[in-house]
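For the protein sequence lines, the chains are A and B, in the order given. Residue 362 in the numbering used here sits at position 362 of the first sequence; the count goes up by one each step and never skips. Residue 48 in the numbering used here sits at position 48 of the second sequence; the count goes up by one each step and never skips.
Be aware that one or more of the hints could be misleading.
Unchecked claim - Listed below are several chain A residues computed to face chain B (Cβ distance under 8 Å; list not exhaustive):
{"hint": "1", "residue": "Pro54"}
{"hint": "2", "residue": "Ser639"}
{"hint": "3", "residue": "Ala644"}
By construction, these hints were calculated from the structure, which means they are not laboratory data. Note that CB positions come from ideal geometry on N, CA and C, so glycine has one too.
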Amino acid sequence: MLIYIPLIPLIGFLINANFGRRLSKSASGAIAVAAIVVSFAVSLAAFVRLIGLPPESRAIVQQVYSWISSGSFQASFTLRLDPLSAVMILVVTGIGSLIHIYSTAYMHDEPDAEYARYFSYLNLFAAFMLVLVLGANFLVMFLGWEGVGLCSYLLVGFWFEKNSASDAGKKAFIVNRIGDFGFILGVLLVFVRFGTVDFQQIAASLSSISPETSFGTISLITLLLFVGATGKSAQIPLYVWLPDAMEGPTPVSALIHAATMVTAGVYMIGRNAVLFSHAPLTLQIVAVIGVATAFFAGTIALVQNDIKRVLAYSTVSQLGYMFVAVGVGAFSAGIFHLYTHAFFKALLFLGSGAVIHALSGEQDLRRMGGLKNALPLTYWTFLIGALAISGVPGLSGFFSKDEILYEDYATGHTLLWVVGLMTSLLTAIYMFRLVFMAFFGPRHVEEPAHAAAEPHGGATNHHLHDAPRPMAFALVLLAAGSIVAGYIGLPAVLSSHNRFNEFLAPSFGPPRVEQTATSAAEPAAERAAAGSAQLELGLMGVSVLAAFGGIGIAVFFFLRNREAGVRLAERFIGVYTVLTHKYYVDEIYDAAIVQPIRIVADEGLWKVVDMRVIDGSVNGVAASVRGWSELLRRLQTGSVRAYAASLFLGVVALLGYYLWR
Amino acid sequence: MPSLNDYLLLSGILFSIGTAGVFVRRNLITILLSVEIMLNAVNLSFVAFGRSLGTADGQIIVFFVMTVAAAEAAVGLAIVIALFRHRESLNPDTFTTLKW
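Okay, chain B solo, but in the shape it has when bound:
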């Protein structure tokens, strides 16, 4: 059976991949996707902790996180659609008017 550390390591790797994706990717939808990856990584670590402590608390929290992730994805996509309608582009670098 994999130990807690293994799960946490996997969670950390997934989180880093997600973070890197947010910074690096040049497509708004892909950025949203990376955010989902981050959220899932956190889910994983919560469940792993819950299993190692022998309670179901970790899984309860996951419920919350998944709900929030869903709502946030919906809202995020709505914003992306609004932005796309404005600039006909999904590249975050096109939305830089708020600068000096």
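Just chain A, same shape as in the assembly:
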């Protein structure tokens, strides 16, 4: 049954890829939407079956076929559904379905063949992502991992005739690949150390080992795997592809770069919770990088003027939160944030897509404004998303972000908590800056004058209209999700037990969950219940303050008193410039890494090794053959007497040699 979950979108891909050119838009769209919706239905059915099982043995396994069998090493194409992957498949197929539906309207101006191509890629992505999260061993996961990287390239570079788009696609794939190099090394080391790549078997072998106190094999393995995660999930240092990836169509950004693909890194760590728990040093690094990335990206988001760039850096920042969570051992808190973030970030991206669609391709915030009354549904859903991400109480983001911050503090990582809190403040500020600049204030431009950022189906000037029905449908459902999705993970302080954490606990513990003392999620729940309720409420209060404080600051600088913002930017022009140029990281990478490689490649390897050495030796062989033949052909005098003479001399020499011996 499990195989159908990725298989159906794969079939959708095959149909649209092979026959898409001959299909009408409604047909290819319908096929793609049907594929993902059916996959969602199957996922739901699988989930229902899963919760029917007793908590200690919540797993459905399906071995599709035996892939590698070499000596003692076995690796099959096996899919395994357990609580963690159940959450993931529901997110991927559920939010994926909404995004597919949204895309049918958003991409409507494309020609038929391109429309089908888009949907074929989208289905393919879903198939690979589902393989990634359902994989029972590293090899299957890696198959999905690479596949989603490929689809990211295809979709980011969808409008490949535009140079910036194809460059962005390449950048996404190449930077991902660098991370994947670390990931592969990690998987190889896993095999060397454990003799298997199956997740359950690895967890089982670890149950008899205690966590490492110094940097040993397991720390190295987890560090390498984390390098892969920084590439896929856009953390420092490999986050640089994600802002550029905004060149792709907005629904792509919503699906891949907000809700699903970028979460693969967090999922991978969650899936290997036992392995990572045995490497506390690596977890420290994970947490530090996570919080650094969160804060760093938040500062950049503060000054970006492209609506999608703000959301891109926001994604990088929120992913940082997830890594902080797993870094302090709160695996289910990280996954909880992944789940709520999928809702509101997808909502925000799709909402921005609706804005862009209404403005015929305009993406610059400075040219927006006053859209609140023109696009009411877009405005209200976007506002809900913004409130959710800022951590306003009552919405999903509050619960998940607050849990992460609480875990930071409760595990003694006070510095992480402080930086996390400051990032919360920043989140609220930049998010509401976005809301105010886009939806409030004077309308800056009636109709866009020159070529817009996205080639939005030719230069037709739409009249300003709110989202068409498919888009509105997706926005409303996501807004509802952003509000209610968090209630399954209510902290112990507000409800009797945290259902989400309990549900996920078996996924993070060793295979036999009778040893509840060693699983990572349990102590968290116990701590919460054991009388630190006051602490939790107190911390909650501080988070709420940060959220409302941030909104207030945004109100001051971007709603009431815009000149104050401008003057502030002018006073701190140095800082402002550094931030708008994203700390010049791309320039630094270019100078430190790209240019040296290019120089070595062009000047060194091409001009010297290829042209001089290799071509030289091949041509040199030919030249020397020519030279020798020039000399030797003089032997062919055509004179019979000379030939006879040489014959005779040869015979004399031969005979003489043998006679002499």
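Start from chain A and add chain B according to the hints.
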């Protein structure tokens, strides 16, 4: 009576004269003639060896050699005639087209 060595020496001299003739002479027929001289020199040495060993084996071999020499002379002359018809010359240096 001359000893074996004397006969062999004579044979060697005749052979060398014949070889030199093949290389040096500029008339195809004269070259053939020199080849005959070489063959006869070999005949001589075979007979001399046969006499010194006291058997008739050397003389039997001479029969063979003379037969071969005759056949070879016939064929060689046929080739010379063909060549002459082609180039109106008996000088081996005129037949040098098979060169670089």
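Restraint check, 8 Å cut-off on beta carbons, for Pro54 (chain A) near chain B: Hint violated; Pro54 (chain A) Cβ to chain B Cβ min 94 Å, cut 8 Å.
Ala644 (chain A) as chain B interface residue, shortest Cβ-Cβ below 8 Å: holds, 6 Å
When the least beta-carbon distance from Ser639 (chain A) to chain B is tested against 8 Å, hint result: holds, 5 Å
Hint 1 alone, counting from the list given before, is not met by this structure.
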